[in-house]
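Let chain Z serve as the given structure and place chain Y on it in line with the hints.
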Amino acid sequence: MLPVPDISVEPESMILARGLRKSFGRPGEEFEAVRGIDVDVRRGEAFGFLGPNGAGKSSTMRMIAAVSPISGGELRILGLDPATDGPAIRGRLGVCPQEDTLDTELNVRDNLYIYGRYFGLPKGEVNARVDELLEFVQLTEKSRAKVEDLSGGMKRRLTIARSLVNSPDLLLLDEPTTGLDPQARHVLWDRLFRLKQAGVTLVLTTHYMDEAEQLCDRLVVMDKGLIVAEGSPLQLIRDHSTREVAELRFGVAEAGESHAALAEKVADLGERVEVLPDRLLVYSDDGDEVVARVHERGLAPVATLVRRSSLEDVFLRLTGRTLVD
Amino acid sequence: MPDLAFATGVRRQADYWLTVYKRTWRASVISSFVAPLFYVVAMGVLLGGFIEGDPDQLEGATSYLAFVVPGLVAAHAMQTAVGETTYPVMGLIKWQRVYDSMLATPLQVQHLAGATLSFVAFRLITTCGVYMLVLAPFGVFESWWGPILAFVAQVLVGMTFAAWVYGFTARLDDEQAFGVLFRIGVFPLFLFSGAFFPVDNLGDVGSWAARITPLWHGVNLSRMLCLDQVDWSTAAINVTVLVVLLVAGWFWALAGLRKRLSS
Chain Z
1 MLPVPDISVE PESMILARGL RKSFGRPGEE FEAVRGIDVD VRRGEAFGFL
51 GPNGAGKSST MRMIAAVSPI SGGELRILGL DPATDGPAIR GRLGVCPQED
101 TLDTELNVRD NLYIYGRYFG LPKGEVNARV DELLEFVQLT EKSRAKVEDL
151 SGGMKRRLTI ARSLVNSPDL LLLDEPTTGL DPQARHVLWD RLFRLKQAGV
201 TLVLTTHYMD EAEQLCDRLV VMDKGLIVAE GSPLQLIRDH STREVAELRF
251 GVAEAGESHA ALAEKVADLG ERVEVLPDRL LVYSDDGDEV VARVHERGLA
301 PVATLVRRSS LEDVFLRLTG RTLVD
Chain Y
1 MPDLAFATGV RRQADYWLTV YKRTWRASVI SSFVAPLFYV VAMGVLLGGF
51 IEGDPDQLEG ATSYLAFVVP GLVAAHAMQT AVGETTYPVM GLIKWQRVYD
101 SMLATPLQVQ HLAGATLSFV AFRLITTCGV YMLVLAPFGV FESWWGPILA
151 FVAQVLVGMT FAAWVYGFTA RLDDEQAFGV LFRIGVFPLF LFSGAFFPVD
201 NLGDVGSWAA RITPLWHGVN LSRMLCLDQV DWSTAAINVT VLVVLLVAGW
251 FWALAGLRKR LSS
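If you read the sequences in order, they're chains Z and Y.
Counted from 1, the first sequence has number 268 at position 268 by the numbering used here; the numbering is strictly sequential.
Counted from 1, the second sequence has number 73 at position 73 by the numbering used here; the numbering is strictly sequential.
Some clues are possibly wrong.
Stated by the list, open to error - With a cut-off of at most 20 angstroms between alpha-carbon atoms, the simulated PhoX-like pairs for lysine-lysine come out as follows:
| # | chain 1 | residue 1 | chain 2 | residue 2 |
| --- | --- | --- | --- | --- |
| 1 | Z | K123 | Y | K22 |
| 2 | Z | K142 | Z | K155 |
| 3 | Y | K94 | Y | K259 |
| 4 | Z | K146 | Y | K259 |
| 5 | Z | K155 | Y | K94 |
Claimed, not checked - Among the chain Y residues that face chain Z by a calculated CB cut under 8 angstroms, a handful are:
| # | residue |
| --- | --- |
| 6 | L103 |
| 7 | T105 |
| 8 | P106 |
| 9 | R171 |
| 10 | S263 |
Calculated directly from the structure, the hints in this document are not laboratory data.
All C-beta atoms in this analysis are idealised placements derived from N, C-alpha and C, irrespective of residue type, glycine included.
Only chain Y is shown next, with the shape it has when bound in the complex:
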């Protein structure tokens, strides 16, 4: 077998990523845990205080806080994933050239991508996990099992974005395009994918446009599960869309990275 096993290649980079995390975790505490809580307080508690808790208007939620929290966590998963796969990945490829040095060892492109995305998964698991635990006492969850599955959905939507943005970064010559990605990609998705208000408010065309965005599928899953309002056929569609996009994104990312690094 000439190729190194995938899991072996990924595991050999564990010490590298552990060292990276030891170096960066303090900085990530602010962006991962403190900033999202500001959102919960400002949007959910304070702004939400002006919004009538009508389950018919809020997809089954009895308060605006209960409505906005599952969407906020899913949207935050997207932002964390994008943050970890833009500048840091450009650093690995181009500025620090860590990938070049790794490829001089038995490691191959798929191991590099696998370990980097595993680290993103770790960041999503800790960030979304802590976020959900902190929110539990706010009385916004309607069952004990729903939030656990919602947490899985949040990590899943985060990883879908991670794979595609990783592939995007692998194809970029420099960091100029990140600004465009944030302004016309991430920011509109954050605002209009149903995290802050039901997408039905966007009108016929707008609500369908919102429903084809990957983030909406994550937001919708997360919310249905947290509020115990699961329509299982919709949930099946949400999961299928995210899984298919994740798998396709992985192969697209690998192709881009392989082309970039082995000339």
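In isolation and in its complexed conformation, chain Z is listed as follows:
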């Protein structure tokens, strides 16, 4: 007799994780990729896992996709246990993996049609759905094209269309726009935003703060297998950073002085100062004031920029590291 799970699953909870862990490798020399995280994703929200490469985002996603068995803790997807109800869960999920797993020798349409058949959908229904999805991802004209001949952005859109073929309740997107050019990213964001408007629950991982800010209602910041903060993008910025940031770049003229030494000279101008390899970040609610005071002190940065705080700053604050190395 299996023990009865001690977590109560509310019907509106799409993903519920408690103390979730994932480790790889032989016993004794294991590597722990996810080290005990709690997650609760509600119906209709867009939820993000933000973190650098190696933070444990993809491992978490694979467990949520009911593909990778959990190593510890508890996990319920759509109220079901992935260890026993994998097929039923996956039948209601859409998965857009980090690397495209399209069949490069099939044409665009066949990639969608054949995938729909894996879900047991009748032929007529799949055909209608495929037409609809090709339209949605703007690939109708490429319907007979080989996957090999598509651009990176088109392949991503096709992968997203494929993940929607079973009309999923929950769509998982692992690094959906990594490697795409800015225009292709905006096209993709637009499509994802429409899905969100249509009520599809989105869960995505990203190491792009702009992506997280654009798409996520709520997100968790992951670092080294743990969740270090949780909230809406705005709230995270408000809680962990100042309203504005003054970026100061010093040229070679100041070579005699290290960035760290320069940081000491401006430390009192903001709430805190971060030293990056190429610039100083001074956190303050009034960035212009900081820049004016820096010049008053006889320091001459070659370039200055005043901007609003972003999730990048939150991440830097929480982990001491930048998102994209």
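Below, chain Y alone, put in the same frame as chain Z:
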């Protein structure tokens, strides 16, 4: 019932494999039908012309052609099975990652293996079937029912190899080991498992070594049935060995694939 039924999961991949076959059948015609006929002509007809048709020397065959044909088809079943379960399966697992995409759907590892091996069975049935039909007019079969059972034996030995090589591929990191498999596995079996000459010619030790290879069991069954020279107790041993190996190979393959794909 949390697991998807086996037959349901396999059937859902029918469209995939049909599309694959539509794409590859032209290329497979050469390797499946033309190349084996070259063997029949070169070894059976031309080389065989120099060999005396002595039934005492040729396990009951009245000509070398009649002797070599049942063995050639069985050996060809092995080669087809190995061909379909090496590079193409590595492609599904690693290069194309088709299996990864399938596992994101309700399909499970046993359905993937089941459908892939069903496709191999289809390839064996068509290849061996056509091969046997083409050979019928050569007057090498001694009864009408023998060749039909021989055909079943050929598919069976092919599937036994398919299951084991599939399991082998599932455990490989890359394709390097295929060369070793072909050179020290498939090629010696092809030459020394009794397809081209009676294994008694290999001496006491050699003939027993040949008789423990899976291919010999298929070759022997195929030949006894085609020549209407069936020793039913030997046939029972041949069938048992192949069926036991097939079942064991299936479970070994599933274990390997499961470990490979669900980490």
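For this session: Provide an ascending list of the numbers of those earlier hints which the structure does not satisfy.
Result: Failing hints, ascending: 4 and 9.
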